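Peer 1: Single-letter residue listing:
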Amino acid sequence: MFFGLPFHTGLIVGGAIALVVVVLTLWGLRFREAP
Amino acid sequence: MADLATFILIGLYFVVLIGIGSWASKKIKNTEDYILAGRSLGFWVFTILIVCSICSGMSLLGVSGFGYSSGWPGIWEQIFVPLAASFCIIAFGVKLHTVGRERGYLTIEDYLAERFESPRALRGLSAISGIVVSLIYLVGQYAAISIVLVWLFGIPHWQALLISGVIITAYTVVGGLYAVSWTGLFQGGILIFGVLLMAPPVIASAGGLAHINTVLAGVDPNFVEPWFPSPAYAPYAYATPEFLVSFGILLMVGLACAPHVVNNVLAVKEKRYFKWAPLIAFGIYAVVMLLVKFTGFAVRSLVEEGTLVLPNAVNAQDYAFIVGVEHAMPNVAFWALFAVIVLAAVMSTTDRLMLTVGTMFAWDVYKNILRPSASDKEVLLVSKVAIVLGAGGTLLLAINPPEMLAWLIWMGIGVMLATFAVPLLAGLYWRGATGGGAIASMATGLVAAAVFGYWHQFVAPLPVHFSLYALVLSALAMVVVSLLSARNSPAALDNTRTGWFIQSE
Chain H
1 MFFGLPFHTG LIVGGAIALV VVVLTLWGLR FREAP
Chain E
1001 MADLATFILI GLYFVVLIGI GSWASKKIKN TEDYILAGRS LGFWVFTILI
1051 VCSICSGMSL LGVSGFGYSS GWPGIWEQIF VPLAASFCII AFGVKLHTVG
1101 RERGYLTIED YLAERFESPR ALRGLSAISG IVVSLIYLVG QYAAISIVLV
1151 WLFGIPHWQA LLISGVIITA YTVVGGLYAV SWTGLFQGGI LIFGVLLMAP
1201 PVIASAGGLA HINTVLAGVD PNFVEPWFPS PAYAPYAYAT PEFLVSFGIL
1251 LMVGLACAPH VVNNVLAVKE KRYFKWAPLI AFGIYAVVML LVKFTGFAVR
1301 SLVEEGTLVL PNAVNAQDYA FIVGVEHAMP NVAFWALFAV IVLAAVMSTT
1351 DRLMLTVGTM FAWDVYKNIL RPSASDKEVL LVSKVAIVLG AGGTLLLAIN
1401 PPEMLAWLIW MGIGVMLATF AVPLLAGLYW RGATGGGAIA SMATGLVAAA
1451 VFGYWHQFVA PLPVHFSLYA LVLSALAMVV VSLLSARNSP AALDNTRTGW
1501 FIQSE
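So the sequences go chain by chain: H and E. With the working numbering applied, the first sequence covers 1 to 35. With the working numbering applied, the second sequence covers 1001 to 1505.
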């Protein structure tokens, strides 16, 4: 259980948010500031 | 009902907005200052402006209402909508900002006209579609503002509309994007602070998230699943996997390419802001919207346990946030703040939409099509007149909102997706996309969105969001017509940095 949610719901929703954060962080790290 | 504290706080809020508008008006020397704030937006002003442009009138009331009626399967909305800000910055922003500076674009239509070498036809079609969609969207925003003011002050609907309309129009007309962006920062700050302050007590008053989820699971076990099973077995259970895919594309891409959102990227001061703006915009927006969604869950739990009763209205679920705050915070001071945060959410989108309508008409239709010899001063004046006329017209429509208001707003987002997504994405990333293809794809998307939207609403419900069919047809039209027509000149493609990359060497 995850805050009263079935484990798979917590995993899928939490995983999706974590994935978005990781992708956007990678974007930031790989971004070239020079024009 | 409002008391003196609420009146004073809302009065102060309006005074600050007018003050920012007045300060902004002194910074405007030409059309570029008016439309793009002199390309001077700093990191936080830009990031919050993007969030505020997307975060519309129904963000607070509609999000908690959707949470109330559909539970966890609707949670994807809180990922897709914030992602629209990130998608807009990454897929459109980086390249459009660079090319926009190099080529001196004031609007996205400037880009489309040069990239597709269609200075009149595509520019005109794009501007007129953008104006129509923005006006439809505006009627919905004004209706939402008046609902809040009528509920707060008990004043007639038309008075509420007039007060809000005059104030927003005043600061937008005098201050252009300077006023819209800086009032956006102020309003965004209030929204974030207000939701962080108010949502946790509502959730706590319902016994905390774990208890709320247990109650939700007792109402319908699927309320705590990540999606509803397909096919939908009840009117509230429409968030099936296939619907969520179309819903995700609609929100993430459709909102990202909406004219009042994507035009913001041209006003950014420095390209390096695009490094972390996608993550920060997503983070702020997602936290705020998840909290609002959880208040919807909390109120459903309180209602199921018999602690609360929603008003007897057709759209009762949209009162979830209001009723939840009323229950958890009987203190009047919080009430006044609540009124201001709802207004901030609504007004920050309304002003950006009005400015977009005004500038698309003045710059794209008047200056670039009807009267190319018009002076800068004349274009500025036409912008202001167009904003006032657009505001007046939509206010009149909002006094007697069409019965299908919610449908119209969803139509608006669907049409934005079907009309603008393909020409913009293909234009930026595919050197084979041609002017003929862009016009065909835009026109096909526009017509198909209207047909499928009508079909879904009045003939037979479709399994996925109607805009997805229109988007596919729009893409097909782009590919087929582009392959059959001559490519745009290498100079046009190089000048607009067209190609399969986001950042070029």
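The set of hints was computed from the structure by calculation and includes no laboratory data. Quick caveat: nothing in here was measured; it's all calculated off a predicted structure. Where hints are given, some of them may not hold.
Which chain E residues stay away from chain H? Per the calculated CB distances, all over 12 Å, these [as the list claims (entries may be wrong)]:
no.	residue
1	K1026
2	D1033
3	L1083
4	S1086
5	I1090
6	L1125
7	F1153
8	G1189
9	E1225
10	W1276
11	V1314
12	L1370
13	V1459
14	L1483
15	L1493
Which stretches of chain E does chain H cover? Using the computed rule of at least three CB atoms under 8 Å from a CB of chain H, they are [as the list claims (entries may be wrong)]:
no.	stretch
16	1065–1079
17	1203–1214
18	1266–1275
19	1424–1437
Glycine included, C-beta positions come from ideal geometry on N, C-alpha and C.
Peer 1: Taking the hints in turn, state whether each one holds.
Peer 2: Tested hints:
{"no.": "1", "hint": "K1026", "result": "holds, 31 Å"}
{"no.": "2", "hint": "D1033", "result": "holds, 23 Å"}
{"no.": "3", "hint": "L1083", "result": "violated, 6 Å"}
{"no.": "4", "hint": "S1086", "result": "violated, 6 Å"}
{"no.": "5", "hint": "I1090", "result": "violated, 6 Å"}
{"no.": "6", "hint": "L1125", "result": "holds, 32 Å"}
{"no.": "7", "hint": "F1153", "result": "holds, 38 Å"}
{"no.": "8", "hint": "G1189", "result": "holds, 22 Å"}
{"no.": "9", "hint": "E1225", "result": "violated, 6 Å"}
{"no.": "10", "hint": "W1276", "result": "violated, 5 Å"}
{"no.": "11", "hint": "V1314", "result": "holds, 30 Å"}
{"no.": "12", "hint": "L1370", "result": "holds, 36 Å"}
{"no.": "13", "hint": "V1459", "result": "holds, 34 Å"}
{"no.": "14", "hint": "L1483", "result": "holds, 32 Å"}
{"no.": "15", "hint": "L1493", "result": "holds, 19 Å"}
{"no.": "16", "hint": "1065–1079", "result": "holds (count 4)"}
{"no.": "17", "hint": "1203–1214", "result": "holds (count 6)"}
{"no.": "18", "hint": "1266–1275", "result": "holds (count 4)"}
{"no.": "19", "hint": "1424–1437", "result": "violated (count 0)"}
The structure is inconsistent with the numbered hints 3, 4, 5, 9, 10 and 19, although it conforms to all the rest.
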